[in-house]
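Asks: Sequence:
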Amino acid sequence: MSISTKRSKAGLYLAGILAVTGSFSGCSVFSQATSVFSQTEKDPTEGWSANKIYVTAKEALNGGDYERAITLYEALEARYPLGRFAQQAQLEKAYAYYKYDESDSALDEIDRFLRMNPSSKDADYALYLRGLVNFNRGSSIVDKVFPRSIADLDTVRQKESFQDFSHLLTRHPDSKYAPDARDRIQHLRNSLAAAEVNVANYYMMRGAWLAAFNRAEYAIKHYQGSPGVVDALEIKIRAAHKLGKADLAADSLRVLEANFPQRAAALKLK
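So the mapping is simple: our numbering equals the position in the sequence shown, first residue as 1, plus 13.
There could be a bad hint or two in this list.
To be verified - Computed list of lysine-lysine pairs in DSSO-like fashion (alpha-carbon distance at most 30 Å, straight line):
1. Lys172 with Lys65
2. Lys234 with Lys258
3. Lys255 with Lys281
Unchecked claim - Have a look at the derived ranges for each label pair, beta carbon to beta carbon:
4. Lys189 with Leu282: 47 to 53 Å
5. Asn75 with Gln275: 48 to 54 Å
6. Lys134 with Ala63: 18 to 24 Å
7. Gly257 with Pro186: 18 to 24 Å
8. Lys234 with Gly257: 36 to 42 Å
9. Ser133 with Gln176: 15 to 21 Å
10. Val68 with Pro240: 47 to 53 Å
11. Arg276 with Asp121: 43 to 49 Å
Derived from the structure by calculation, the hints contain no laboratory data.
Ideal Cβ placement from N, Cα and C applies to all residues, glycine included.
Kindly produce the complete structure, drawing on both the sequences and the hints.
Replies: Quick look at the structure:
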């Protein structure tokens with residue numbers, strides 16, 4: 014993904030680079046960090062030790078200068094690919110990409126780290142960071158000004174985040190990131206169930222009874238424990254009734270009565 018579309022915070026920096034190097038169609042400017050130095054001016058990190066580059070990159074990261082941090086991490090990896098800072102630099106660069114709103118680049122770095130270091134002590138953090146990237150992905154500047162329910166956003170990314178956090182809990186149940194991952198999974202479960210219910214209700218309004226039944230059934234099966242399951246049960250009952258499947262409607266009604274008697278009593282079938 015080209016970084017030339019970045020917001021104004023990087024505009025002047027990128028304009029200077031692009032003026033010298035031309036178009037990087039389809040590529041990240043950061044991946045060209047070493048060649049940019051060699052084509053435009055003396056590499057300011059020339060002669061630096063791996064430790065100095067890493068410490069300077071870390072300072073930039075902690076200071077919120079994600080653009081500079083990424084460039085320095087790129088230089089560190091290019092110059093000292095087998096050094097003791099390589100693994101940590103790769104993860105910190107992924108985090109910098111995440112904070113810089115470069116989600117694709119962040120995910121690429123995380124996936125590369127997990128491929129190269131499957132038994133790393135930081136594998137739990139990599140999975141957690143992957144979940145965070147997908148969890149916060151898909152919202153635009155408009156959503157930050159006028160927040161929407163996460164159930165209205167891209168459910169593909171929500172499902173990916175759900176899987177990322179689930180993998181973290183399965184593989185590293187004692188990780189220090191596990192408690193937050195559990196909270197986010199519950200939030201995602203509720204939101205994904207709500208999204209399925211929204212779709213099922215749409216199908217009901219359109220008279221697509223079978224499609225509504227299937228979406229409601231999916232929500233019930235995959236998102237147990239979420240408030241949306243109650244709505245999904247009602248939709249399933251009404252859809253089954255419209256389809257002439259009295260036995261299916263009766264089975265689901267018994268489940269609703271056993272768990273949510275007030276909702277069952279209020280349900281009226283026509």
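Asks: Work down the list of hints and note, for each, if the structure agrees.
Replies: Right, here's what the structure says about each hint:
1. Lys172 with Lys65: 40 Å, violated
2. Lys234 with Lys258: 19 Å, holds
3. Lys255 with Lys281: Holds, because 13 Å separates the two Cα atoms, which is no more than 30 Å.
4. Lys189 with Leu282: 47 to 53 Å: At 50 Å between Cβs, range holds.
5. Asn75 with Gln275: 48 to 54 Å: 53 Å, holds
6. Lys134 with Ala63: 18 to 24 Å: 20 Å, holds
7. Gly257 with Pro186: 18 to 24 Å: Distance hint for Gly257, Pro186 is violated at roughly 46 Å.
8. Lys234 with Gly257: 36 to 42 Å: At roughly 23 Å between Cβ atoms, Gly257 and Lys234 fall outside 36 to 42 Å, so the hint is violated.
9. Ser133 with Gln176: 15 to 21 Å: Given a distance of about 20 Å, which is inside 15 to 21 Å, the answer is holds.
10. Val68 with Pro240: 47 to 53 Å: Cβ of Val68 to Cβ of Pro240: about 48 Å, so the range 47 to 53 Å holds.
11. Arg276 with Asp121: 43 to 49 Å: Holds - the Cβ-Cβ distance for Arg276 and Asp121, about 46 Å, lies within 43 to 49 Å.
Taken one by one, the earlier hints fail for this structure at numbers 1, 7 and 8, listed in ascending order.
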